[in-house]
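**Student:** Just so you know, the sequences run in chain order A and B. So in my numbering, spot 113 of the first sequence is number 113, and the numbers just go up one at a time. So in my numbering, spot 6 of the second sequence is number 6, and the numbers just go up one at a time.
The calculated DSS-like cross-link candidates involving lysine-lysine, where the alpha carbons are at most 27 Å apart (straight line), are:
{"id": "1", "chain 1": "B", "residue 1": "214", "chain 2": "A", "residue 2": "81"}
{"id": "2", "chain 1": "B", "residue 1": "214", "chain 2": "A", "residue 2": "95"}
{"id": "3", "chain 1": "A", "residue 1": "30", "chain 2": "B", "residue 2": "73"}
Keep in mind that the hints were calculated from the coordinates and are not lab data.
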Amino acid sequence: MTTVLRIVLILMSLLVLVVMLRKIRQSKAKIEDAMFWVFFALLLVVFSVFPQAADWLSGLVGTMSTANFIFLLMIFLLLVKNFSMSMRISQLETKVKDLVQRIAIDDNEREKESGS
Amino acid sequence: MSEVLVIIPAYNEEENIERVVGNLASHYPELDYVVVNDGSADSTAAICRKNGYNLLDLPVNLGLAGGFQAGLKYAWRNHYPYAVQFDGDGQHRPEYIGAMKKKMEEGYDIVIGSRFVTEKKPRSMRMFGSNLIALAIRLTTGVKIKDPTSGMRMFSRKMIEEFALGLNYGPEPDTISYLIRQGAKVAEVQVAMDERIAGESYLKPVNAAKYMSKMLFSILLIQNFRKRDRRYKKKGGGGEE
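My request is simple: use the sequences and hints to build the entire structure.
**Tutor:** What follows is the structure, encoded as structure tokens:
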């Protein structure tokens, strides 16, 4: 890994950390959701500070260069995150739908009761 | 209206709920209670209706934090000075609620029904986890909590407000640690707990490991950066004066 790439990764990770911790300070993010991003940022910091670790893993996986390994890892982690978010959105949409229908049916019943 | 509201979160507890609430209602009629059915897929809600229990029936599943918060919102709206978290699976015994309330009246914000004030902690995987969390709380707050994972906790009116209206106030050790840092006074009262009689515990080994890592991460790293809402700070006690 070049020094420039390492510096960029560290700066980016610090930015992610600061933004996420700010969101928690302002009570705008749940701790569960912040955990992924803090973990992600810390991982990149570790690889930038100890590039030997990334070199070793890169050799193990067989990627041409360590930078490629870092990209691959980021793509993989983001894909997993995207998948889990997609699942959560499905569940959320189902819950919202159930709630809206429930409110409408409850209202209808209450109106009938008060009307009769 | 009693001074203490017993909040009983229940998720798929059809085998336990009748025994737990029945015992509470018949032997401790002086206590008000509310069952929060957290969108159970089984007949928990039907059993509560049949018996005429005071019930908050959530139409979808929110998880323990959301379910318990619903109970606290009920306590807040109905002006209860104290609320206690009480499991729907029969682990907690109602005879200790009185002692917890007494402790509360000495001026504490949170009283934990603790298994290990006078009793010794047994050695097991679960207790190792409990020790780790206790250590994390001690490192970050300097306060010794002997049973941080106990689910039996009593909250003052101020805490009820904060838990009911805030975000990131799950009824878990990391919130306790955060509140201690903010100046909340926490005490423990010795209680005995029963093993769950029927149904399945949520804390299977995989979930337990996940829970542990989340709690440690949250207590050691994240809670240090939280800012307290000024609304709660101003009210004194519990916030820095």
